[in-house]
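Trainee: Make a model of the complete structure from these sequences and hints.
4 protein chains.
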Amino acid sequence: MSSVFESFLSTPEMTSAWGDREFIAAMLRFEAALARAQGQLGLIPADIAQSIVGACEVDRFDVTQIVRDSGRAGSLAIPLIQALKETVALLDARASTQVHLGSTSQDVIDTAMALASKPALALMDADLATLVKALIDKAERHAADPVLARTLMQPASVTSLGLKCIHWVAPLLRSRARLRRAAEEALCLQLGGAVGHLAQMRGQGAQVAALMARDLGLRDPSGSWHTQRDRWIALACELGLLVGSLGKMAKDLSLMSQFEVAELAEPGEPGRGGSSAMPHKRNPVACMIALAAAARTPARVAVLLGSMAQEHERGLGGWQAELGEWPGLLMSAHGALRAMAQMLPALQVDTARMRGNIESLRAVLPKEAAQEWFALDLAEQAAMQVRQQLQSWRMQGLA
Amino acid sequence: MSSVFESFLSTPEMTSAWGDREFIAAMLRFEAALARAQGQLGLIPADIAQSIVGACEVDRFDVTQIVRDSGRAGSLAIPLIQALKETVALLDARASTQVHLGSTSQDVIDTAMALASKPALALMDADLATLVKALIDKAERHAADPVLARTLMQPASVTSLGLKCIHWVAPLLRSRARLRRAAEEALCLQLGGAVGHLAQMRGQGAQVAALMARDLGLRDPSGSWHTQRDRWIALACELGLLVGSLGKMAKDLSLMSQFEVAELAEPGEPGRGGSSAMPHKRNPVACMIALAAAARTPARVAVLLGSMAQEHERGLGGWQAELGEWPGLLMSAHGALRAMAQMLPALQVDTARMRGNIESLRAVLPKEAAQEWFALDLAEQAAMQVRQQLQSWRMQGLA
Amino acid sequence: MSSVFESFLSTPEMTSAWGDREFIAAMLRFEAALARAQGQLGLIPADIAQSIVGACEVDRFDVTQIVRDSGRAGSLAIPLIQALKETVALLDARASTQVHLGSTSQDVIDTAMALASKPALALMDADLATLVKALIDKAERHAADPVLARTLMQPASVTSLGLKCIHWVAPLLRSRARLRRAAEEALCLQLGGAVGHLAQMRGQGAQVAALMARDLGLRDPSGSWHTQRDRWIALACELGLLVGSLGKMAKDLSLMSQFEVAELAEPGEPGRGGSSAMPHKRNPVACMIALAAAARTPARVAVLLGSMAQEHERGLGGWQAELGEWPGLLMSAHGALRAMAQMLPALQVDTARMRGNIESLRAVLPKEAAQEWFALDLAEQAAMQVRQQLQSWRMQGLA
Amino acid sequence: MSSVFESFLSTPEMTSAWGDREFIAAMLRFEAALARAQGQLGLIPADIAQSIVGACEVDRFDVTQIVRDSGRAGSLAIPLIQALKETVALLDARASTQVHLGSTSQDVIDTAMALASKPALALMDADLATLVKALIDKAERHAADPVLARTLMQPASVTSLGLKCIHWVAPLLRSRARLRRAAEEALCLQLGGAVGHLAQMRGQGAQVAALMARDLGLRDPSGSWHTQRDRWIALACELGLLVGSLGKMAKDLSLMSQFEVAELAEPGEPGRGGSSAMPHKRNPVACMIALAAAARTPARVAVLLGSMAQEHERGLGGWQAELGEWPGLLMSAHGALRAMAQMLPALQVDTARMRGNIESLRAVLPKEAAQEWFALDLAEQAAMQVRQQLQSWRMQGLA
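Chains as they are written, first to last, in the numbering used here: chain X, 1 to 399; chain R, 1 to 399; chain C, 1 to 399; chain E, 1 to 399.
Keep in mind that the hints were calculated from the coordinates and are not lab data.
Keep in mind that the hints are not guaranteed to be accurate.
In silico contact screen, one side only, chain X against chain R (beta carbon under 10 Å); selected entries [unchecked claim]:
hint, residue
1, A290
2, V301
3, W393
Just so it is clear, CB atoms sit at the ideal spot from N, CA and C, and this is done for glycine as well.
Mentor: Listed below in C-alpha cells is the structure:
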C-alpha cells in the first residue's frame, strides 16, 4: 500500500505489488531458491535444504513485526533472515545455520525487486497492447477525417485525425519493443554474496546462480551487479519514456476536449469524472492521471540516475534511495497506462466539430491563406501517410 | 501506509499521517468545520449543522470503499462527500443537501493536507531541537579538539571538531527559523468554492473562512489559493533545504566513520546497523537514511515546483501530481531528521584518532608545509570562532 | 555567452553576466577588495596593497587563456591568481607574494557569484515591478468583466478577468518580497581562507571580512559558508517559485489565446512570433519563453538542492555542479520574467469573446445549470474580491 | 560557448559544437541539402537549387545579428531563413522564393541538432574506447591484487582491484553498445513541413527525405517526429546512464584516493589539481569533473523526459526547453568522459597500501572474523572472475 493518493493515481495491482506482505513473500522465494540450488549442488544437505524451503512461506511470518524491525536494522533483509532462521530452527535445529548461506541482504532484496517487477511489466505489456489496438482502430477509421493541426498552440494547417493517432501510437509501439528488450536485460537474479565474488560458495557460485535464475524465471547475469546499476536504471528510463509518450497523448486529448474545441471527449459514465460541486462537469480524468504521472515520473528517473554512484561494493544511501523510488515509478507508469488503455476504446470523436473548427478559421482568414493552409483536402495527404504506416506495421505484425 | 521501503526510510508517525484512515479523518474535520461555521452564520439551520458535524466521524465510514471508489472518480472528495451525504441522511433527511455547501473538492483536500502537515511539522520542529542541542553540546565539548580539515576530499589544514559542529548546526538553526516562517505562511485553510470566489456563500464567504480557520487552527489566507501554489511549495523548498543540510552532515559523518579514518562512529547497539552476512560490520545506518533522503528529496521538490503551472481555476494533472508527491517529501524529511536526532547524542568521537590522522600526515609532508598548514594549534583559531558563535547564539536564545 | 539557444530563451544582460570577461572582472573585484582591506588593517603594506589593487583590471589579463587553463587546473581561480601574481610582479616585485593572502579559490569564486547575482536580481526586481503594475492595471480595468472559470480544463462557472489577474499577480507580489529577503540573506561575502577559519589572517579575519563586505556591497555573514549552502540555495528556491508562478500565468494565457477560445492575444508586431512557413501564424512567444523556463527551472533547483551535501570543508563535485547550474537558473528566470513583463502591458483582451464563450456554453446547458453556474452576474462576486484585494494592496503600498 | 564554468566542466570540442557559428552552419547544411534534393527531383529548377546551395555558407551571414534577432522572433530559424532568402536574392532574384520550400523551423533546427550531435557522439565513442582499454589493462594487471571490499562505507571483506576494475568497465561496455544503438535510432533527419505531412512537397516528400538523409548522413525515419520525441530522449537517457556509471567510478576513485586510504591517486602534473592556497594539495580533479557531471545530468534528463508532452504538431515551451537542455547534457557527459579517459591510463595504484589497509583491519578484528572475511587469498576468488570475464569479452571482441 502506498499513500492515500496512489489509490486514484495508480492501480490496485501495482500498489499491492509493493506492499509489505507481497514483497516479503518475494524475498522468501529467493531464500527458497537459494536453498534448493545449494541442496541440489551438495553445498548444503538435501534434507536441510528441504527444511529451509518448507519454512519459506509468508504465512509463517509476522510480516508487520519484520517491517517494523527493518527501521532499526536499516534493511528489510536483516529481520527477515533472523525470523527465517528462527522458523527453520523450529523445523530442524541444524538447518538454521544454513539459511541464506553465502548470500547478502542486497542479493535477496534486489532479486525480490526483479521478481516483483516482472509480472508488473507483463501487466503493462498487456495494457499497452490494448491501448495500441484502440489507437490503430481510430487511425484507420479516421484516416482521412480533417482536423486542425496546431503548432505553438495556434492553428497551423489541416491534417487528419488518423495521422494524429499514428503519431500517438508510433512511440507506444517503439516503447513496447524497447521495454521488452530492457526488461530482458534488467530482470536479473542478484547473487554476489557479501562483496560480489561469492567466495563463500566454495567455487560453485556460478552454478548456484544458474540454477536459481532458472528456478525464479530471471536472467542469470554472470556476476553480481550490486553497484553496477545501469541495466536496472535503463529499464527505469524506458518507463520514463513510455510515460512521456502517454503524457503527450493525454495533453493533446485534454486540449481537444476543451469545451471551446470539443473535437474529442472522454466517455461519461456514472461515478466517473464528475465534480463534488458542479453536476454539469465531465472531467477528463484519464488524461488527468496520465498528466499527473508525466509530471512525477521524470523526477523519479532522475533520482534513479542520480543514485547510480553507489560506493564500492554496496552503497550508503544511494541503493536505498533507489529502492524507495522504484515502486512509485511503476505505480505512476501503470496508473497512466491503465487509465488511457481503459478510456481510449470509448473515446468520443466529433468529426463534424473538427470540420467546424476548420471552417470557423477559414471564415476569418484571407482567402489565399485559407486555401493554401486550411483546405479540407489536405487531410488526404495525411491519409496517405496513415495508410502507408498501417500497412508497414501490418507487414511487421505490429498492427 | 506507503511502500514497504518507507518502513526503514521514514518514521511510523509520518507514514501513518498519510494513510487512508487518517487522511479521510482530516477531510471530515474540514466538512465538520464548514457546517459549524455555516450554522453559526445562519447559512444553514443550526440543527442541520449539528447533524452534519455529528456524522463527521471517521468510524462511521467505509474508508476502504471510499478510497477504492476514488480511482474511478478521479478524486478522494467525490466518494467521501457522497458517503457523507448518505450518512447525514440517515440522521436527518433534510440535512444531506446542506453537506459541503458552496465548497469544492480542492477545498477539502487542500485543507486536509494542511491539517495533516501541521502536526508533522511540529514533530519535526521538536526533533530539530533535539538535534541542535546535541550538536551544540558537541561543539562546546570539542571546541578546540584538532581534526583534519579536508577540501576536495584531501587534507587541507587543521581545524577543530567544534568548528565542524558549528558548521553542521548553523544551517539547522536557520532552517528551523525559516521552516516556522514558511509553515506560518503555508498552513492555510483552503476555501474558494467551485472556482475561487465563494459565490455560493451568499456574500458571507469571508466570514465562513474566518470561523473555519480559527476552528481548525489554520491561517485564513483571505482568498482561495487553488492555483496559486507559491506559499505551499515554498514550504516544500524549506523541507528540501533542511534535508540538504542533513545530507551534508551525514556525508561528513560517514566519511569520518570510515575504518581508515575512524574519527567518528555511530553508536552500536543490538539490532542496529548490523549485516545479514558479516557479523563484524557496524554500518552507519542513520547516515544511510539521511543520505537516501538527500538523494530523493530534491527531485520531489522539483516535481512540486514543476507542478505550479496549474491551469485556470483548478489544474488537470498538476494539482494531483502535487498531492502524490507531498507525503513522500515529509516522509523522507522526517526519516532523515529523526535518524540523525536519535543518533547524534550518542555519536562516538575519537579525539586521539583525530590527532593521529594529523600526525600521520605531518610525518610525510615537508616540515615547512607541516608547520604552516598542519600545526595542531591551528585548532585554537577554530576554537575562537566556536566560542564566539556559541555566545552569539546564546544571546539570541538559540543555544 | 551560453549555448546558442539562450539567445532567445534568456536576455542579453543575463547571458553576458556569466560570460568569461564579466566573471573574471568580478573575481578581480574580490582580489582588489581583499588587498585594500588588508592594506588598511596593516596586514600588508599600504603601497603593496595599492599595487595589487592597481593590477586588478580585467583589461590587463588574457581572459581567454585563463579560462582555457582553468580546465586543466580544475578551477578558474588558480590560473587567474597565477596571472594576477605575474601582473603584480611587473608593477612591484615584492607585492606578488601578498596577492590573495590568506584566502582560497572558493572565497573569490563564491564572492564573484554574489557580485554577479546582485545586479541580476536588481534587474529582475525592476522587471517584476513592471509586470506587477501591468497586471494590477488589467485587474482594475477588467474587475467585473465576466469570463469562464475552468477547472480540470472544463468550464466550471463564471468569474471575472480581474479576479484571474489578481490570482496571477498575488504570487508575484509575494515572490518579490520573498526574493528581496532571500537575496538580503544570500548575497554574502565569502571569506574563509583555506578551510574556513582564516588562520592565515593573524586574528584579523573578522575585520578584513567586515571591510570587504562594505567595500563590495555584500552582506558580512560572520563566518565562512564554504559548505553551508542553505542561504544560497534558498535564493535559488525563490527563483524557482517565481518561475513557477510565471509559468502558471503563461499557461493560462496560452490557453486563453487559442484560436477557439480567443479571449486574449499576445500583441502582434513585425518580427515577433511569426512562422518560417506559415505567414498567417501569430505565436504566443512570450508565453513560450516562460513555459520553457518553467520546464527547465525545477530541475536546476533540484541539482542545487542535491549538491548541498558537499564534503568536509570544500566539496568534490558538488560545489562545481552548483557553479555550473547557477547561471542557467538566472538566465531562465530572467528570460521568462522579461518576456512576460514586456508583453503583458500590450496584452489584448477581447471581453466580447469572453462573454460569447459563456453564452455558447449556456446555450447547450440545461437552464438550471446555466443559471446557477454560468450567470454573467457571478462576475460581480469576483469583482468584489478584486476591489477588496486592490484596496488592501494599496494600503500596504504594494499597488 | 557556454557559461564560464563549462570551460573546466566540459571540453572545448563540446562547448564549441553548440556555439552560434557552428550551429548556424549546421542549419545551413540542412537548407542546402533540401535545395539539392528538391532540385534533383525537379521540385525546383536545378539552377535555382544551385544558387541556394551556393548561398548556404556560414561566412556569408551575420551570425551575431541572426542570433540577436532570434530572441524577438522566438526561433533561430526565422531570422536565418530571412537572411538566407536575402542572400540568395543577391545571387538569383527568382531563387529566393524557393528557399526552405515546404519545410518548417523545426525541420531545420531538429536536423541541425542531429548533425551537431553525430560527431559529438563519435568523439565520445572514441574516448569511451580509450577509457575501456585503460580499465581492462588495469583489470588484467591487478587481477589478483587484494584490496578491501567495502559495503555501506565500511570494510566488508577482501576482493581484488582487478574485480573492481571489471565492475567499473562492464557498465561502460554496455553503455557503448547501447549508445550506438540509441544513436542509430535517434540521429534522424527531421522533415515534416508545417504540420508533419509534407503536403507542400507535391507528393514527393518521402523522396526528398530519402535524398536528404543520405546527403546528410542521417537516418530517414519515414515520417516526421516533431512531437514524437521518444527516440531522441532515449538517446539522452543513454547519456544519463553513461554519466551515472562514470560517476560511480569517480566516487570510488575519490574515496580510495583519500589520504587515509591512499590506495589510488590521480597523476600529479604541473598545473593540474593544485590549490590556490595550499601548495601541498593534489586534488582528484578528473573525479571532480565526473562527479559534477553526475550531479547535474540526471536533472537534465528529467527536463527532457518532462518536456515530451509537446502539444499537437509543435509544442509551446516543451520543444524549446528541450533545445535549451540538450547542449548541456552533451557538454557534461563529454566533460566527465574525457576527464576520466585522460586520467585513467596514468592512475597510480599502491598495491602495498591496499594490503596494508587489510592488515590494519585484521589486526583489530577477532581472529576468526579476520580469517573468514579478510584473508588475503580471497582475492584469488575475485581473480578467477576477472579472468573469466576478460576471456569472455575477448571472445566477443570487446577487450
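Trainee: Compare the structure with each hint and give your call.
Mentor: Tested hints:
1. A290: Where the cut-off is 10 Å and the nearest Cβ of chain R is about 7 Å from X/A290, the hint holds.
2. V301: holds (9 Å)
3. W393: violated (30 Å)
Hint violations for this structure: number 3 only, all remaining hints satisfied.
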